[in-house]
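Produce the complete structure using the sequences and hints provided.
Okay, here's what each chain looks like letter by letter:
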Amino acid sequence: MSAPLLTVEQLAISFPAEAGRVRVVDGVGLSIASGETLALVGESGCGKSVSALAIMRLVPRPGRIEAQSRIRFDGIDLLALPVTEMRALRGGKIGMIFQEPMTSLNPVTTVGSQVLEAILLHTRTPIAEARRRVLELFGMVGIPDPAVRVNAYPHQLSGGLKQRVMIAMAMAMRPRLLICDEPTTALDATIRAQILELIRNLAATTGTAVLLITHDFGVVNAVADRVAVMYAGRIVEEGTRAELLGRPRHPYTQGLLRSIPRPEARGGRLEEIKGAVPRPGQWPPACRFHTRCPHAFERCRSEAPARSAVSPTQTAWCHLVEQGARP
Amino acid sequence: MTAASRNGALLELRGLRTWFPIKTGVLQRVTGHVKAVDGVDLTVQRGETLALVGESGCGKTTVGRTILRLVEATGGSISFDGIDLTPLPAALFHPYRRRMQIVMQDPGSALDPRATVRDSIAEGLEAFGIGAGHEERSERVAELMRQVNLDPGTMWRYPHEFSGGQRQRICIARALAVDPALLICDEATSALDVSIQAQILNLLADLQEQRSLTYLFITHDLGVVRYFATRVAVMYLGRIVELGPTEQIFASPRHPYTKALLASVPSLDPARPAIKPAALGDVPSPANPPPGCHYHPRCAVRLPECAIEDPPVVEFADGMCRCVLAAGAGSARA
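Read top to bottom, the protein sequences are chains Y and D. Mapped onto the working numbering, the consecutive letters of the first sequence carry residue numbers 3 to 329. Mapped onto the working numbering, the consecutive letters of the second sequence carry residue numbers -17 to 316.
Source of the hints: derived by calculation from the structure; they are not laboratory data. Some hints could be false.
What the hints assert, rightly or not - Label pairs and their computed distance ranges (CB to CB): (1) D:Ser267 <-> Y:Thr207: 47 to 57 Å; (2) D:Arg28 <-> Y:Thr187: 28 to 38 Å; (3) D:Ser267 <-> Y:Ser115: 22 to 32 Å; (4) D:Pro286 <-> Y:Lys276: 50 to 60 Å.
In this text, a Cβ means the ideal position worked out from N, Cα and C, and glycines have one as well.
Printed below as a string of structure tokens:
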């Protein structure tokens, strides 16, 4: 196996609070190989989006990436990179797509010129060639009538088309890594299916690695190769798509999957995860899930669980899994 | 007793239209209309959960708001418990407003941030003169909080001290305070995390059983619909295109749009990851819907006449479908 394209180790991100700094991400590690799609899944406030921002060094002030953190991309130590070189990477070798295409586009310039600007900013391409590239990109992401749509303003396009423009912009520099933060959450079902199909095809044909941030296991199943589940600032389980959706071992992953309304559950009660998602700074000690876990026992309250291998590709951070019991 | 209430209908919409004027220029002349709701016929049976589904802009939320008179209907009629509410002036409509309540998507903005939970829940009690005095109303609030699994000891706190799921429980308690028969849930679980959504859906199911509530469940989430609804109405650009029991809608949908919607639901089965994007292109604007069948530009099985003629409303024993292709299977209504 070749070296992963992106490795994140011991990532910790803190924000100031009334009593000192609070860590919103606390020791996250992950890796993605070229051509691979990793889904980072979790509920609101678990730290998944800010982890993605950290990879781009875009954690908003007064947030801070703690010194222990290591992020390597394509052999480069991203956290040691000078600001100008980091800026060249963003939108260059690392592309980004966010949830709200409406707020990510400039409302007063045409979408074509925004993609053009992205190309000219990163390369010394002659303008005629860059224009041709914009048309090619619009065609690649499935925008009908590219020659007409390049002259449209964002408000003249639907949500689905705006997200396609964002994808075209992100793909303009042939990125090695594409970070997608809830790319389909704001879109309707029929449009969401089209965008997911597009992301999967782009990853397959260009060999781009994709880090997909989502809360939706349906989206995970549609595009991911591997999955990492986050809870309260930490990764609690990771594995292949088939492993995590088919044989989840961490009680949190199991609870999440069971609480999704499914046709089989019709007429019966949904399984709940009791309580609420704890806020950062109010995370329980030891295993952070123990306050909501149906299987918690004494050790879960006193000692943080270590990494336990379930299979060569599946790992869970859970005392029960370590002891070989089946939660 | 009218025919409607004998049949067990609680709410009946007939030809309901809600149009919003489009005004242009300095003179604000009306140059067109956004036909958000354009001829909706729908009967909600007592005790059922009728899901109203569709994509953004289809008019599903406007249907709910029109029923409650939060927006004014342009035409058609709304009957509740056999009484036509349409001609009633505000003062005579007021008592019916008590019977119909709404729970909205975002519990954060649905609650007054400066009012305590007690005051938010008691607001309806005061508006309808339920309970004598402050003490008795506070007791009712405590009881309502227990019913939605909130600690009554927290009634003097403010909304920001509660989590999203707890806030939605507060909104549900507030809606139930005036003892409604119909609860309109407009994307009531869409903003919640999946583990919290399960708690709220279970709560809604319990309350329905305890209080014989009728739900009009407006949502875009077909997973929730399939689990929760008795019947499903599918809306597209201001019209209902298909109506039927939940089992039929999911097992043998009749309208091409329903089929496209169902095909776009991502599966959770790791053996079947692929989703088939069935609908072509985007949803057109309701200000300028396509002629003929509104769905024809996106329809994979359209006929030449679909672009010209309005599709027939085809009645079935258990529902209806507004599509020329369904005409052979049911009985067409002129």
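Do the hints match the structure? See the list:
At about 33 Å, the CB distance of serine 267 of chain D to threonine 207 of chain Y disagrees with the hint of 47 to 57 Å. At about 36 Å, the CB distance of arginine 28 of chain D to threonine 187 of chain Y agrees with the hint of 28 to 38 Å. For the hinted restraint 22 to 32 Å between serine 267 of chain D and serine 115 of chain Y, the CB-CB distance of approximately 25 Å keeps it satisfied. At roughly 57 Å, the beta-carbon separation of proline 286 of chain D and lysine 276 of chain Y lies within the given 50 to 60 Å, and the hint holds.
The structure does not agree with numbered hint 1 stated previously, though it agrees with all others.
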